[in-house]
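Novice: Could you build all of it, start to finish, from the sequences and the hints given here?
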Amino acid sequence: MVRPKKFLGQHFLKDQNIAAKIVEALALPGDKNFVLEIGPGTGVLTKLLNQRPSVDLYLAEIDRESVAYLKEHYPELADKITEGDFLKMNLADLTSRDIHIIGNFPYNISSQIFFKVLEQRNQVKQVVCMLQKEVAERIAAPHGNKTYGILSVLLQAYYDIELLFIVPPGVFFPPPRVMSAVIRLRRNKREHLDCDENLFQKVVKQAFQMRRKTLRNALKSLNLPPSISALALFDKRAEQLAVQEFIALTRLIEQSREEVRPL
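Just so you know, we're using this note's numbering here: the sequence shown kicks off at 714 and counts up by one.
Hints are supplied without guarantee of correctness; some may be wrong.
[As the list claims (entries may be wrong)] Once the Cα atoms are required to be at most 30 angstroms apart in a straight line, the calculated BS3-like pairs of lysine-lysine come out as:
| no. | residue 1 | residue 2 |
| --- | --- | --- |
| 1 | Lys933 | Lys915 |
| 2 | Lys745 | Lys719 |
| 3 | Lys859 | Lys926 |
| 4 | Lys859 | Lys760 |
Bear in mind the hints are in silico, worked out from the structure with no lab data behind them.
Specialist: Spelled out as structure tokens, the structure:
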């Protein structure tokens, strides 16, 4: 028996119907897709994934006790288990193939997992995961919504996002103190943004750090020329801008820097 560990944020799913719905949400093209399950724990999702012919299953698990349990109960997967912290993994070391990620994410590091996914976005084609409802709603929120934020913009720039269903605390052991939700992210067709992608991330983060202020004030530290900051766009607040508007804003800032660059 694997004991759930509080310091790892473990809440083991015990409801088979919910597990089946999560696995069914993974949309896979053809056979033998590289699927990486993050934090399989006691293997509730693992069992179902392992039965799908379209899945070539690999596991990433930091808990030594869970790893031992999984190797005992799924010996055919023993060589496909990576023991360690997903946040420190280089996915390109696992495979050169496209990766589909699935898992019941530890709530205390779910945002960090998504930033990791963003770093590897050209390899990670899909994510189906369960996480805290509040975080799921934030990621899927449209612009103009009060929960729309940094992760919303950065993830929606590269992924189509669907909030699939809500999950109550009682289906876990031990039950968390919050509601959960399952979301699906599928890589969109944007290979590159029409702007400097590093500057885009910087602009988005800076804009939301002072989300109650207008962009004119929130982006003051970027030292924008008056000709740019005087534009009507800068009367808005960060939450009012759609992804495409953030891309356009970043492009404007890029152009203003090019104009003042010495010859």
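Novice: Against this structure, judge whether each hint is valid.
Specialist: For each hint, the structure was consulted:
| no. | hint | result |
| --- | --- | --- |
| 1 | Lys933 / Lys915 | 13 angstroms, holds |
| 2 | Lys745 / Lys719 | 35 angstroms, violated |
| 3 | Lys859 / Lys926 | 14 angstroms, holds |
| 4 | Lys859 / Lys760 | 39 angstroms, violated |
Consistency with the previously given hints fails for numbers 2 and 4, ordered from lowest to highest.
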